[in-house]
Amino acid sequence: MDTVTTLILAFISVVLVNNLVLTKFLGICPYLGVSGRIDMAFGMGMAVTFVVTLSGTLTWLIDNLVLIPLNLEVTRYVCFILVIAGAVQLVEMYLRKFFPSLYESFGIFLPLITTNCAILGLCLFLNLWEIKNFATAVVLSFGAGIGFTLAICIMAGIRENLKLADVPKPLKGAPITLITAGIMTLAFMGFAGMIK
Amino acid sequence: MILADIIELLSNSWQAGVIMLGLSMVFAIVLLVASIKFKVQPDPKVEQIHKVLPNIDCGACGYAGCASYAKAVAANPDLIGLCAPGGSAAAAKIAAALNLQISDSGPPLRPIVHCRAHTEDKTSFAQFQGIESCTTANAFANAQACKFGCLGYGDCVAACKFDALHIFDGLATVDYAKCTGCGACVKACPRNIIKMVPFAHENMITVACSSKEHGKATRSMCQVGCIACGLCAKQSDVFSVSDNLAFVDYKKYQPNEKTEAAYNKCPTCVIVYRGKTAPPPRETKKKTEAAKT
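Chains as they are written, first to last, in our numbering: chain A, 1 to 196; chain B, 1001 to 1293.
No incorrect hints appear here.
With a straight-line cut-off of 20 Å between C-alpha atoms, the simulated PhoX-like cross-links for lysine-lysine are:
(1) B:Lys1161 / B:Lys1276
(2) B:Lys1234 / B:Lys1251
(3) B:Lys1037 / A:Lys97
(4) B:Lys1039 / A:Lys97
(5) B:Lys1045 / A:Lys97
(6) B:Lys1093 / B:Lys1051
(7) A:Lys97 / B:Lys1071
Hints are computed from structural coordinates only; laboratory data are not their basis. Just so we're clear, the structure is a prediction, and the values are computed from it rather than from any experiment.
Okay, chain A solo, but in the shape it has when bound (with noise of 0.2 Å):
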């Protein structure tokens, strides 16, 4: 019971405390250039949070089964690297032949997701944060993709809306929607210290 507990709590606090997008301010990148639609960023979310779950254990994995015992840790980048592209580049193909229109309208930004920071800021984060039980690693990498899908979708929502909204003319387009981020991030400030 006593590790179910902790992996909730884990969940919870990377989906909301530590969200990647809005407290660190990783993968702003595709927060800011695919959520302009609802369902292309749920796809979008979908797919990250696919690659940032297989990445992060994977990566984990070699971090803790291979890396550290062999004292190899000036490699971790290349090697995380190495499996984020894998993984992306399996995304791709599946998405291309399942999904064509998903995947036309992703555009550049699906084999951006290899250089998304919030993955690879994600499988660093796990060694810096000491996890040493796998499943804590799953679960925290699942919520990651999840906290990400979340950040994206709440902000698409919003700018379909800021579509029908009457913007002042210098504020449209870019400008109000950074603003519309930082007032996001502010409100997910409030989660902060909510778990210890």
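We have chain A; now place chain B onto it with these hints.
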């Protein structure tokens, strides 16, 4: 010494190398299996069309590149004639790939700069010292006296992907040997003085001026502007005058004595030939006088 260093380096780092190699092997195999399993069969029609396109991704058709245009054409044959650099040859090949027949789309379009004022012909009211681009210079009214003429900062040159436009003495000049007719310069020109013209002949006659000012005003601002005297319209019906400016009906144009007479009679020498082997424009009277004295 060096050898010892290298051996030390290798003996310290071989593990890292082996691990990287092993990891890449694993991912290579996984991706290979995935690429076979998730293989997408591309539409053979699209591939065929893509092959006959020029593959320069100029964007003249309005699509992001040749690949997306090929896809759009395969889905909607109405879009066949949009490839400007490929011209009618590409259109015919696309039609063949789609099992369609097209009628001849006419002569290829090439841009003509409707201004012939070099720096020495122009008058300026003030000196423009802002950002060196036509768009900004155009936003400041009348630094250059003529508000229709070429500004010469080269927005069109920057837009041209084929090195076919250059500024000579403050005038944008098309190199017709290199031009593919993609129309990027037409969109780039803030004064809309570059227009696409059907080049039925190697050299086309044109009124190289866009000034709609009254004749006297044009004359006061530019040595080589059209003053709408109407002499050309009297010589040949290819020419017509409206809005204080002479126009050429490019579709009607056939080189003959009448158009040649119009070319020779034009008092400001604003009627010129443009094309691959176009003769240089006639010298204006003022310039020859100045040269004499």
